[in-house]
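Asks: Kindly generate the complete structure, drawing on both the sequences and the hints.
Listed below, chain by chain, are the residues.
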Amino acid sequence: MRPQDLLAKAAHNTFRSKLRTTLTVLALFVGAFTLTLTTAVGAGVTDYVTTQVASLGADDVFIVTRTAATTTDGPTPYDPDTSSASDGTTAPGLPGTGSSDPLTEADLDELADFDGIVSVDPIQVAAVDYVEYEGGSRYELTINPTSSVTKSSLVAGKQLGDGSSARQLILPSDYVDALGFDDAESAIGSTVQLGITDVLGKQHTVDAEVVGVAQESLLSSGAGGNTTLVAELADVQAAGVDTGPARYAIAVAHFDTTLTAAQVDDLKGEITAAGFGAQTIQDQLGVIKTVIDGIIGVLNAFAIVALLAAAFGIVNTLLMSVQERTREIGLMKAMGMRSGAVFTLFSLEAIVIGLLGSAIGAGAAILLGTALSGALSAGPLAALPGLHILLFEPGSILGIMLLITAIAFLAGTLPARRAARKDPIESLRYE
Amino acid sequence: MHAETVIDAQGIGKEYGKGTERFAALRDVTLRISKGECVAIVGKSGSGKSTLMHLLALLDTPDTGTLAIDGVDARSLSRARLSELRNRTFGFVFQQFFLAPGTSVLDNVTLPLEIAGVPPRRRRERALAVLEGLDLAEKASSNANDLSGGQKQRVVIARALVGDPTVIFADEPTGNLDTATGGIVEDTLFALNRDRGITLIIVTHDEELASRCSRQIFLRDGAIVSDSGAPAVAA
Chain Y
1 MRPQDLLAKA AHNTFRSKLR TTLTVLALFV GAFTLTLTTA VGAGVTDYVT TQVASLGADD
61 VFIVTRTAAT TTDGPTPYDP DTSSASDGTT APGLPGTGSS DPLTEADLDE LADFDGIVSV
121 DPIQVAAVDY VEYEGGSRYE LTINPTSSVT KSSLVAGKQL GDGSSARQLI LPSDYVDALG
181 FDDAESAIGS TVQLGITDVL GKQHTVDAEV VGVAQESLLS SGAGGNTTLV AELADVQAAG
241 VDTGPARYAI AVAHFDTTLT AAQVDDLKGE ITAAGFGAQT IQDQLGVIKT VIDGIIGVLN
301 AFAIVALLAA AFGIVNTLLM SVQERTREIG LMKAMGMRSG AVFTLFSLEA IVIGLLGSAI
361 GAGAAILLGT ALSGALSAGP LAALPGLHIL LFEPGSILGI MLLITAIAFL AGTLPARRAA
421 RKDPIESLRY E
Chain X
1 MHAETVIDAQ GIGKEYGKGT ERFAALRDVT LRISKGECVA IVGKSGSGKS TLMHLLALLD
61 TPDTGTLAID GVDARSLSRA RLSELRNRTF GFVFQQFFLA PGTSVLDNVT LPLEIAGVPP
121 RRRRERALAV LEGLDLAEKA SSNANDLSGG QKQRVVIARA LVGDPTVIFA DEPTGNLDTA
181 TGGIVEDTLF ALNRDRGITL IIVTHDEELA SRCSRQIFLR DGAIVSDSGA PAVAA
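Chains as they are written, first to last, in my numbering: chain Y, 1 to 431; chain X, 1 to 235.
Bear in mind the hints are in silico, worked out from the structure with no lab data behind them.
In this text, a Cβ means the ideal position worked out from N, Cα and C, and glycines have one as well.
There are no misleading hints in this set.
FRET-style restraints, in silico, Cβ to Cβ: (1) Y:Thr-370 / X:Pro-101: 40 to 48 Å; (2) X:Asn-143 / Y:Val-291: 52 to 60 Å; (3) Y:Ala-406 / X:Glu-21: 42 to 50 Å; (4) Y:Leu-410 / X:Gly-133: 42 to 50 Å; (5) Y:Gly-294 / X:Asn-143: 51 to 59 Å; (6) Y:Gly-399 / X:Arg-88: 39 to 47 Å; (7) Y:Thr-22 / X:Glu-207: 48 to 56 Å; (8) Y:Glu-393 / X:Ser-104: 41 to 49 Å; (9) X:Lys-35 / Y:Ala-406: 50 to 58 Å; (10) Y:Gly-399 / X:Glu-15: 52 to 60 Å; (11) X:Asp-164 / Y:Thr-370: 50 to 58 Å; (12) X:Ser-104 / Y:Ala-406: 30 to 38 Å; (13) Y:Gly-399 / X:Ser-148: 46 to 54 Å.
Quick look at which bits of chain X chain Y covers, simulated, 3 or more residues with Cβ under 8 Å: (14) 52-62; (15) 85-99; (16) 114-122.
Some, not all, of what chain Y presents toward chain X, calculated at C-beta under 8 Å: (17) Met-1; (18) Arg-2; (19) Ala-334; (20) Met-335; (21) Gly-336; (22) Ile-425.
Replies: Below, the structure written as structure tokens:
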């Protein structure tokens with residue numbers, strides 16, 4: 001028999017017993033549907049986290065904090081040279097930085113001495129009161145302390161130029177309308193005024209040029225300011241008053257980009273041993289990813305169990321079909337159909353069932369998932385632009401379909417073998 | 001002058017069952033069937049007539065003796081060649097029709113050609129021509145289930161005929177039909193033998209049907225008791 005005839009015949013036979021085929025396909029549908037959705041969730045979240053990390057452009061930095069000394073014998077005695085005052089507030093910015101003791105200049109020098117550390121930059125914190133544009137309404141604004149070392153995911157404009165002597169600002173996208181700009185593009189290049197109160201209670205304004213408009217994201221909230229702007233703001237805030245030794249909540253340590261992952265881990269261990277907390281961006285996200293991977297793994301396991309049950313369904317369906325068509329098989333063999341062709345015919349029927357189940361399941365999952373993803377992005381997840389909780393990748397969908405078809409084929413080999421081995425005479429006599 | 005021998009069976013026998021249950025369904029049967037003959041294999045149920053047909057049609061292999069088709073020893077052929085030979089040389093008509101339910105008449109008729117690997121167009125043309133010859137052309141697209149018994153059996157004959165076989169085996173072809181429609185089916189079969197020279201081998205217990213054949217082979221308990229056309233007296 002010609003292969004295309006076998007295939008056509010298999011497809012035709014599949015639809016001869018519609019109810020039975022439908023029920024078998026339904027079992028596969030459940031598996032395909034679940035697998036497609038869980039894989040999409042995994043891909044969606046992974047993709048989001050990856051883009052976030054990539055957009056930060058900070059894969060060669062440790063976020064360093066001072067870990068509070070773990071004391072077992074009561075309060076730590078005060079020493080003006082080494083002790084630093086803790087403000088007890090949560091450091092803004094990156095997740096995981098948490099509350100900590102400030103870092104002193106001495107700490108920064110110590111950090112810079114580690115092998116593999118290229119540079120250590122303290123993150124200055126500037127508490128801006130408001131932002132306004134050409135005398136319009138004033139809005140509160142937070143400048144993200146790590147914005148000068150990381151990149152933002154831009155809607156318009158360009159990244160902060162760290163070496164620039166101009167005071168540069170990146171605005172969060174939701175300030176564009178509020179400040180009275182027509183759109184993100186028209187905000188670029190304009191000068192806004194930042195209001196700041198110094199330690200003596202006097203309010204000043206500092207001009208800053210808008211160089212970019214950024215999307216809010218999981219890792220960078222608030223506005224971004226380059227070093228020049230932040231330093232200027234800090235200066236104004238200090239109002240020439242000596243506030244004692246410089247203290248920083250966090251510092252950013254750039255490490256040698258040629259270091260291997262293992263060396264980075266070692267370096268991190270050394271820094272931690274010296275009483276600092278050092279985390280790469282990946283570390284901070286790794287926890288999130290591990291949890292998500294775990295959840296997806298469990299869901300996938302359920303989907304596989306569903307598929308296994310479906311496989312037995314296929315075996316059962318096709319065994320019944322072989323039994324029912326005993327005489328037909330006998331006739332075909334009597335007419336010269338070879339056992340191999342009979343085997344292929346029944347295997348193809350299993351494959352057709354597998355393809356049907358997986359295609360319908362994946363298709364339904366994509367339809368429902370896209371709608372769900374859209375609704376979630378517009379509703380509960382609106383705060384995280386760029387996050388599509390369900391990401392359907394053609395490659396993985398194809399992979400799922402192949403997997404299910406392969407399972408269907410394997411399940412079909414048992415009945416197909418039974419059909420191929422039938423003796424034509426016995427089969428023709430079968431009542 | 002003898003016509004060319006199509007089937008030549010020499011002392012073939014077949015046993016079924018195991019151990020003490022074992023019995024000989026067919027014992028030392030020798031017969032030669034020439035091209036264009038119309039042979040009836042007659043016997044009661046259990047006489048071994050079906051077994052003989054299965055052996056002659058290469059659906060089963062004899063335990064003893066030799067069987068040659070067109071002068072070729074069947075034992076020398078591979079399974080693949082046997083299948084091909086059955087497909088090309090033989091047509092089958094069964095008492096129970098064996099039409100695939102829910103499938104059109106045309107698809108049922110083209111089955112042997114499909115198995116042979118003939119392209120769809122040629123299959124269709126050939127099947128329609130055969131159906132035309134049997135006055136079934138207008139039923140080509142009907143569901144095989146919806147036909148009357150007589151029509152079904154003629155579809156089965158069309159299916160047997162479509163591959164242009166040299167031999168048609170008919171196993172109780174009228175067993176499921178009433179006298180009138182059975183008569184039509186018989187006429188159709190004999191016409192094929194008469195007009196086209198197709199060798200017809202009919203297995204039946206119906207002596208009336210058998211009497212319409214030019215040669216009758218009577219079987220009892222797995223052995224030939226009489227053969228009206230034994231080689232010596234062949235017409």
